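Heads up, the sequence shown is in this note's numbering, so the first residue is 3 and it goes up one at a time.
Bear in mind the hints are in silico, worked out from the structure with no lab data behind them. A few of these clues could be false.
Unchecked claim - Label-pair ranges, simulated between beta-carbon atoms:
hint	residue 1	residue 2	range
1	L43	V17	18 to 26 Å
2	S108	P11	32 to 40 Å
3	V125	C39	17 to 25 Å
4	S108	S81	18 to 26 Å
None of the values given here were measured: they were computed from a predicted structure. C-beta: ideal position from N, C-alpha, C; glycine also.
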Amino acid sequence: MSVQVEAMPYRHVLVVPAMGSAVRIARETTELVLVECGVGLRHPSVGPALLIVAELVTNAVRHAAVSSPVITVTYARGSGAFAFAVHDRHPYQPALFGALGTAPGSGLVMVVEMTMELGGTAVVRADADGRGKAIWITLPV
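Work out the full structure: start from the sequences and follow the hints.
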């Protein structure tokens with residue numbers, strides 16, 4: 003799947019404090035955004051999208067909260083694709099596809115595997131100052 007997120011016309015941004023409740027809020031917001039974009043909740047990409055966003059927000063809360071008091075989730079929708087990014091201000095940038103070589107059960111392994119199984123893409127984009135990053139997931143819808 004080769005979709006330029008920047009070219010996707012629909013955008014929604016959610017900013018939440020880096021605490022446990024952020025996971026529920028992000029998951030519920032993802033459902034609402036998908037419905038607003040015209041994606042039915044029974045679409046095969048919806049369940050995985052909800053799990054992926056929950057895992058990425060959980061990781062940000064667990065590992066980045068010290069450096070990043072807020073987490074931003076950005077949603078974009080274009081022709082045939084739905085994308086979302088989880089952003090924090092922690093400088094560590096995980097090697098997404100290096101995660102596949104780690105032990106099963108890792109949340110990041112699950113994120114990459116689910117994304118690939120659906121024909122989607124996963125990319126880490128560093129902030130310009132190198133002090134944060136966004137993990138972008140693009141899924142077909």
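Tested hints:
1. Checked against the given bound of 18 to 26 Å, the beta carbons of L43 and V17, roughly 24 Å apart, stay inside it.
2. For S108 and P11, the Cβ-Cβ distance of about 34 Å falls inside the hinted range of 32 to 40 Å, so the restraint holds.
3. Taking 17 to 25 Å as the suggested C-beta distance range, the pair V125 and C39 conforms, at roughly 20 Å.
4. At roughly 33 Å, the beta-carbon separation of S108 and S81 lies outside the given 18 to 26 Å, and the hint is violated.
Checked against the numbered hints above, the structure breaks only hint 4 and satisfies the rest.
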